[in-house]
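Take 1 as the starting number for the sequence shown in UniProt numbering and just add one per residue.
Hints listed in this document are in silico derivations from the structure and should not be mistaken for laboratory results. No residue lacks a Cβ here, since even glycine has one placed at the ideal position from N, Cα and C. Hints may be right or wrong, so weigh each one.
[Unchecked claim] The calculated label-pair distances, taken between Cβ atoms and stated as ranges, are:
no.: 1; residue 1: P42; residue 2: L95; range: 36 to 44 angstroms
no.: 2; residue 1: L95; residue 2: E40; range: 16 to 24 angstroms
no.: 3; residue 1: E82; residue 2: E40; range: 27 to 35 angstroms
no.: 4; residue 1: D118; residue 2: G90; range: 31 to 39 angstroms
no.: 5; residue 1: D94; residue 2: E52; range: 30 to 38 angstroms
no.: 6; residue 1: D100; residue 2: L79; range: 16 to 24 angstroms
no.: 7; residue 1: E101; residue 2: E40; range: 32 to 40 angstroms
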Amino acid sequence: MRIVRGAAAAAVVVLLAGCSSDDEPDAEQSPDETPAAAEETPELTFADRARELPGGSLSGDDQAVEDLAGQVCDRYESLPPEQADTMMLGQLTDLGAFEDEQSARGFVELAIGEFCPDVAAS
1 MRIVRGAAAA AVVVLLAGCS SDDEPDAEQS PDETPAAAEE TPELTFADRA
51 RELPGGSLSG DDQAVEDLAG QVCDRYESLP PEQADTMMLG QLTDLGAFED
101 EQSARGFVEL AIGEFCPDVA AS
């Protein structure tokens, strides 16, 4: 049997644990393997939440999205907020990651809340 790793694999295992030909759990099933456990959804990653933002078209793997969030933190930690806004919102729209500055702001706010606690506190 091959061991599958990752959150997607865990979700598949949880979903498969809930699939049974009868409505009653097998005596060998633990409470975690009952169909009710299949209803739980795995927590979304930062990249998943960022990809779901309205007006966005982020692509790439999770690390690329997190790297972009790191750029947001760098700008907001090193520049005055107005200058960082102008730079990051323009960059995100110029890259085609977001259709307009309003939708790009959603990503900036998400990134700051997730990765830049010092900026969020100020």
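Quick rundown of the hints versus the structure:
In this structure the hint that P42 and L95 lie 36 to 44 angstroms apart at CB is violated, the actual value being about 29 angstroms. Distance hint check for L95 and E40: the Cβ-Cβ separation is about 35 angstroms, which falls outside the suggested range of 16 to 24 angstroms. At about 43 angstroms, the CB distance of E82 to E40 disagrees with the hint of 27 to 35 angstroms. Between D118 and G90 the C-beta distance comes to about 23 angstroms, which lies outside the given range of 31 to 39 angstroms.
For D94 paired with E52, a C-beta distance near 22 angstroms fails the hint of 30 to 38 angstroms. Taking 16 to 24 angstroms as the suggested C-beta distance range, the pair D100 and L79 conforms, at roughly 21 angstroms. Taken as a hint, the range 32 to 40 angstroms holds for the pair E101 and E40, whose Cβ atoms sit roughly 37 angstroms apart.
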